[in-house]
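Work out the full structure, taking the sequences as your base and the hints as a guide.
For the protein sequence lines, the chains are A and B, in the order given.
Oh and the first sequence: position 68 is 67 in the numbering used here, straight run, nothing missing.
Oh and the second sequence: position 379 is 469 in the numbering used here, straight run, nothing missing.
Think of the hints as simulated: they come from the structure by calculation, not from any bench.
For each residue, glycine too, the CB sits at the ideal point set by N, CA and C.
Careful: at least some of the hints might be erroneous.
In silico lysine to any residue, SDA-like type, Cα no more than 25 Å apart, as pairs [to be verified]:
| # | chain 1 | residue 1 | chain 2 | residue 2 |
| --- | --- | --- | --- | --- |
| 1 | B | Lys521 | B | Val447 |
| 2 | A | Lys4 | B | Leu252 |
| 3 | A | Lys4 | A | Asn65 |
| 4 | B | Lys521 | B | Val125 |
| 5 | B | Lys117 | B | Ala179 |
| 6 | B | Lys117 | B | Leu526 |
| 7 | A | Lys4 | B | Val230 |
| 8 | A | Lys4 | B | Leu134 |
| 9 | A | Lys4 | B | Leu160 |
| 10 | A | Lys4 | B | Lys521 |
| 11 | B | Lys117 | A | Gly136 |
| 12 | B | Lys515 | B | Leu469 |
| 13 | B | Lys167 | B | Leu341 |
| 14 | B | Lys167 | B | Phe190 |
| 15 | A | Lys4 | A | Gly55 |
| 16 | A | Lys4 | B | Gly130 |
| 17 | B | Lys117 | A | Thr137 |
| 18 | B | Lys167 | A | Leu115 |
| 19 | A | Lys4 | B | Pro216 |
| 20 | A | Lys4 | B | Val125 |
| 21 | A | Lys4 | B | Arg162 |
| 22 | B | Lys117 | A | Asn65 |
| 23 | B | Lys167 | B | Pro216 |
| 24 | B | Lys117 | B | Val136 |
| 25 | A | Lys4 | B | Gly161 |
| 26 | B | Lys167 | B | Leu142 |
| 27 | B | Lys167 | A | Leu119 |
| 28 | A | Lys4 | B | Ala158 |
On the chain A side, residues computed to face chain B include the following (Cβ under 8 Å) [said to hold, decoys possible]:
| # | residue |
| --- | --- |
| 29 | Trp9 |
| 30 | Thr12 |
| 31 | Glu30 |
| 32 | Ile60 |
| 33 | Gly63 |
| 34 | Leu64 |
| 35 | Asn65 |
| 36 | Thr92 |
| 37 | Ser101 |
| 38 | Phe103 |
| 39 | Gly109 |
| 40 | Leu116 |
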Amino acid sequence: MAVIKLIVGWMATVAIGFTCMRQQKSTAVEESPASMFFRAVAGLLVILVMFILAPGMQRNIFPGLNLIILQSGLMLLGMGLMQLGTTAEPYLTVFALLSLLSGFEIIHAGLERSSLLTGLLVLVNLGLALVGVYFIGTGVEKGTDQDEEEVL
Amino acid sequence: MTLNTPLLWVLFPLVIAAIVGALYQRKALSIILTVITAFGLALLAVFFPENLTLSIGPIRLVFSESLAILGRQITVKYEMLPFISLIYAMTGLWTLSSWFPNTPVAFRPISLVLTALLTAAAGVEPFLYAAVLIQIAILVSVPMLSQGGGATDRGILRYLTLQTLAMPLILLAGWLLTGVETLPADSPLVGQSTILLGLGFALWLGIFPFHSWIPMVAQRSRPNVVGFLVFLFPTTILVFSLNFFNRYTFLRNLPNLAETLQLFGVVMIVIGGLWTAFQTDLKRAFGFSVLTESGFSLAALGLISQGGLNWLMLLFPLRALGFWLWSFALTALENHAGELTFESVRGIARRFPILSVGLILAQFSIAGMPLLASFPIKLALLSATLNASTAFGVWSFIGNLGLFLFTLRLLFSLLTPEDENTFEKWRPSEKSNEYLPVLIMILILVLLGLFPNNFMDGILNTLTAFTQLQ
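What follows is the structure in structure tokens.
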């Protein structure tokens, strides 16, 4: 099962990575040092918060789950959520969703083992990667102020 | 010869979708194939015999209800066939409207795939696996939302993000629920699983505050595609949610759940209604009215003890037909006017009177105008909400007025000539393939409004699948 996840992860990242390279899109060069510093600090804070929350969650919600599994899963979940909140780039959004789902899958794999569920989640990961490739191919529209103001 | 029903309503449309996808350059052929498949499966669901045996001349086909995959089962029960018939019939209607120029070519195959996947989601055992099937359907739906292969809208990104967040929550809630059945009602696990479930469904249904993607997507994508999406997903997800109420006694007995559902329903009705009333963009207004409709669905769920489930089920086909006419008229008018703002459609009723009448009546029907399709159910729902709580009832009524107000503003704009100082003649210039579907649907909406009991009872049979909710 773990090998399947590894292979699918490779496939997903290779698909997105190669498409990015072909489209010559790199946001890294556009990001200011202050923004990178902010992301790094926010990331560290998220990891810290998740490590603090994990023992309590293990006690109250997931008593049968190994603490290290829970911590690593929560860390990925938190990082994914943080990235979702700080980016509007399509491929970064897809990477954030993949990170979030990986975190969830780590936790869920410790709770329940099912070949069908693993297979379906593999499909979800591959589907997300393909959607990422599609987004990179089409680019993203710059939103208007109205979009943000009128949706509450 | 033994077959099974999932083969018919899940695997067969997937195969046809693959063929339609391969034939995407042959527009007429792909439309015919999709429409025939969708309507054929809808009719088959209506006339399928209760003993699951089809006799065609000397051939006798015996069907079972389940298909086993890797130790799990996809089941299409006889009781679910009215609902399946509805979603396939509406898929056929919506793909019929895909002959409009600029409809994404991916719409036809994807619409079939979505309906097949959501049919599977409605019948997978254990039913929590439906969350993954719904997630796959969400991923598949993304390409059809991009208009003409143009740049990806931020609304679509938000749609993907919020919908994807729901799946882990539902699966985790499912894991928690496996232990909850044997626990006392005051166990903390009950609260935890309820919160996770509530969050998951709120994300899926675009409930406040997770609703922002709906008007954004409605504004940027083709109206016929959006109409299909906002009908199919919430409808199937609401039916899927009934599984939880059916299976878990603690959910049915949870104190304040009905009031909470009603509260969120009223909030959605008010938000959707007020924002609709002040819109100047017709497509965006469509998106906001979807929020109002989600609110009515939640309010109906909250009134489960007063027969709310019947109203919920009856609202599905009426809403579907209203949304279809609304999105059809918007798509046609968008092709003629370019943009769909009050300014750009000013006086357009003088050139496209039947499309304009269709648009206005669709909106009135959704809003619950007397003599139109949704009126009897909306009236019953609003009365029951008022009886349950005066404040909720008054606010629901005010929220529902929003769409009436918007429709009156739109009517004024459609009739006012571009140059108010000159007399503009009425020059109807619609083609027959534009006005005929509109006229037929108007007739259907009026007939449903006049004789609500004669046509709609079939859909209520779906509720027999949920034995604990009778």
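Taking the hints in turn, this is what the structure says about them:
no. : hint                : verdict
1   : Lys521/B - Val447/B : holds (15 Å)
2   : Lys4/A - Leu252/B   : holds (24 Å)
3   : Lys4/A - Asn65/A    : holds (20 Å)
4   : Lys521/B - Val125/B : holds (21 Å)
5   : Lys117/B - Ala179/B : holds (20 Å)
6   : Lys117/B - Leu526/B : holds (21 Å)
7   : Lys4/A - Val230/B   : holds (21 Å)
8   : Lys4/A - Leu134/B   : violated (40 Å)
9   : Lys4/A - Leu160/B   : holds (18 Å)
10  : Lys4/A - Lys521/B   : violated (54 Å)
11  : Lys117/B - Gly136/A : holds (24 Å)
12  : Lys515/B - Leu469/B : violated (39 Å)
13  : Lys167/B - Leu341/B : holds (24 Å)
14  : Lys167/B - Phe190/B : violated (36 Å)
15  : Lys4/A - Gly55/A    : violated (28 Å)
16  : Lys4/A - Gly130/B   : violated (39 Å)
17  : Lys117/B - Thr137/A : holds (23 Å)
18  : Lys167/B - Leu115/A : holds (21 Å)
19  : Lys4/A - Pro216/B   : holds (23 Å)
20  : Lys4/A - Val125/B   : violated (38 Å)
21  : Lys4/A - Arg162/B   : holds (21 Å)
22  : Lys117/B - Asn65/A  : violated (55 Å)
23  : Lys167/B - Pro216/B : holds (14 Å)
24  : Lys117/B - Val136/B : violated (28 Å)
25  : Lys4/A - Gly161/B   : holds (21 Å)
26  : Lys167/B - Leu142/B : holds (10 Å)
27  : Lys167/B - Leu119/A : holds (23 Å)
28  : Lys4/A - Ala158/B   : holds (24 Å)
29  : Trp9                : violated (19 Å)
30  : Thr12               : violated (17 Å)
31  : Glu30               : violated (19 Å)
32  : Ile60               : holds (6 Å)
33  : Gly63               : violated (10 Å)
34  : Leu64               : violated (11 Å)
35  : Asn65               : violated (16 Å)
36  : Thr92               : holds (5 Å)
37  : Ser101              : violated (11 Å)
38  : Phe103              : holds (4 Å)
39  : Gly109              : violated (10 Å)
40  : Leu116              : holds (7 Å)
Consistency with the previously given hints fails for numbers 8, 10, 12, 14, 15, 16, 20, 22, 24, 29, 30, 31, 33, 34, 35, 37 and 39, ordered from lowest to highest.
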